[in-house]
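One-letter residues, chain by chain:
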Amino acid sequence: MKSKEELLKELSDCVVEMKDNLVGGVAKEYIEAGYPALDGITEGLVDGMQRTADLYEQEEYFIPELLICSDAMYNGLDVLRPHLEKTESREKHKVVIGVVEGDTHDIGKNLVRIMLEAAGYEMHDLGRDVALRSFVDKAKEIKADVIAMSTLMSTTMPGMSQVIEMLIAEGLRDKVKVIVGGAPISPTFAQKIGADGYSATAVEAVKLVNRLMGVESEKIGA
Amino acid sequence: MHKDDLMTPVERAKALEKKEPVDRLPISMFYFAPGHALLGWTRKQEQADARSLAEVQKKVYNVFGCDGISVSYGLHGMAVAFGAVMSNPEHQPPAILEHPIKDINDLSILDLERVTVKTDPTVKKCYEAAHILREELGHEVSCSMGFTGAFTCASGLVGTEQLLRALHRQPEQVHKLMDFITQALLQLARPFLEEGFNVSVADPVASGTIIQRKRFQEFVVPYARRFVEGCEAVKPGPISCHICGDTSKLLEDMVDCGYKMVSLDNKVDLALAKEKIGHRVHLIGNVDPINIVYLGTPEQVKAGVRECFQKAWDSPCGFTISTGCDSAYGTPLENSLAFMSEARKCAKYPLNPENFI
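Note that the protein sequences, when read in sequence, are chains E and G.
For the first sequence, my numbering gives the first residue as 1, with consecutive numbering after it.
For the second sequence, my numbering gives the first residue as 1001, with consecutive numbering after it.
Think of the hints as simulated: they come from the structure by calculation, not from any bench.
A virtual CB, placed ideally from N, CA and C, is assigned to each residue, including glycine.
Any given hint could turn out to be false.
Unchecked claim - Here are the simulated distance ranges between beta carbons: (1) E:215 - G:1351: 52 to 62 Å; (2) G:1179 - E:214: 51 to 61 Å; (3) G:1086 - E:215: 15 to 25 Å; (4) E:186 - G:1172: 55 to 65 Å; (5) G:1119 - E:214: 54 to 64 Å; (6) G:1051 - E:215: 57 to 67 Å; (7) G:1303 - E:142: 19 to 29 Å; (8) E:200 - G:1089: 25 to 35 Å; (9) E:3 - G:1213: 33 to 43 Å; (10) E:188 - G:1089: 20 to 30 Å; (11) G:1271 - E:28: 51 to 61 Å; (12) G:1353 - E:59: 30 to 40 Å; (13) E:191 - G:1020: 47 to 57 Å.
Here chain E stands alone, though its shape is the one from the complex:
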């Protein structure tokens, strides 16, 4: 029988090496050997996703590789999650994310959601072409810590600023951090509309949210 460490490394490697078809089998083997699901997630799958992020930052990996590695992570999560014990989950920071109204390009938003989820955030994905009002309503409903908005289209950029104005009007602005991203967005634009942060990539988005939430590095992936 393989040791826990061996299987954790295999889980992690499956993610980094894009073995999305093999990861489920390894996860099953890991569970059947009686090892805890939570460790399999944090020290296996999420570890793999973090190594993937490193490769992205080193420009070894690009968007196709990030997509397939995240497929592998989710395939592994599908097996391990049902085995999590209730006590193993804890309060997480909540993030509402979406592509603003008028735009349907969502690959970037999906990658940010995946990376934040891997980093231990509770993600509420509103999808694409999201009515501006929905960002505010959802944030209110779930008491979100962060609103993350994305767009690829220059024409929909002003929507981000309208969401911030709605938050101010409802007295919620100091309760929630707002971050923005997408090809036409710049740090200057983020500052101009009064957002709390901007990041150029999905990997940087994790660092940004960690900084805003005052956590060194969230490590719970379930």
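Knowing the structure of chain E, use the given hints to seat chain G on it.
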């Protein structure tokens, strides 16, 4: 002729070809997304037929006096030819809601009969509009046809995420798709070329921000080269290519595609491009269309134009000032006019660095 010029674009181009003096060097400014607004129209009105497409281009030329007008296949042209479901917003560029090919393993829908100048609705309209523009404005400025690179066409047909995953998972299907699209593009470009229209290419999805160099070399370069060589065999003449995002690491590969003019996104440093490929191709670029032209002031726009000239004016195979990508709908007119007026000043012939330092 534009009031601020001494030669028409046609006269200028002819003189440059004969290496004779000109009033100024050519200027380019992408102005597709906002074009219809100059007439107080919606985008839908612009797209109605060939006549309305041509009217917008005429207006753009009259207002700015750029050195070329063009009709364009659009990023989604080929997806539309195969039945993509599209959004149809009043002013903004449309988006694909449903891609024609659900599973890249099944490419049976592809049929060259659907992508001819008679059957492809987008190209048909462009072809007619190009003729109207030649008839009515051709003595002054020439019209070119903007095609979309095969990789971007592929993303429209199967969806970007599916295409990107398939680079690893079904590479042979991607090659089949790229091969078909290249044949289709050549078939679509031929009538334009035969009648003397220039052709250009935009391939935004083949971006260095999205894929790594190895994939670009495997999936983009061979097909682009085939397209360029095929076009040149029909009508010699330089073909320009624009790729969005950061192509700093793909510059040599863009040249390997056979393009003789390379249009750079503002994410690429013109100084670096000059150093790497300036001795091989003509450079075009690259004032930031969003943070400077859309969101900045006229003074910032002018500074942006000067900065590009400072970096690339002496590029060995030549340089044309342009925006780094298409102008955004909603760009203040005064900013686009500031772009043109500063570009005219800087491009005065012969180039004098005092004009842009």
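Can you name, in rising order, the numbers of the hints this structure does not satisfy?
The structure breaks hints 3, 4 and 7; every other hint is satisfied.
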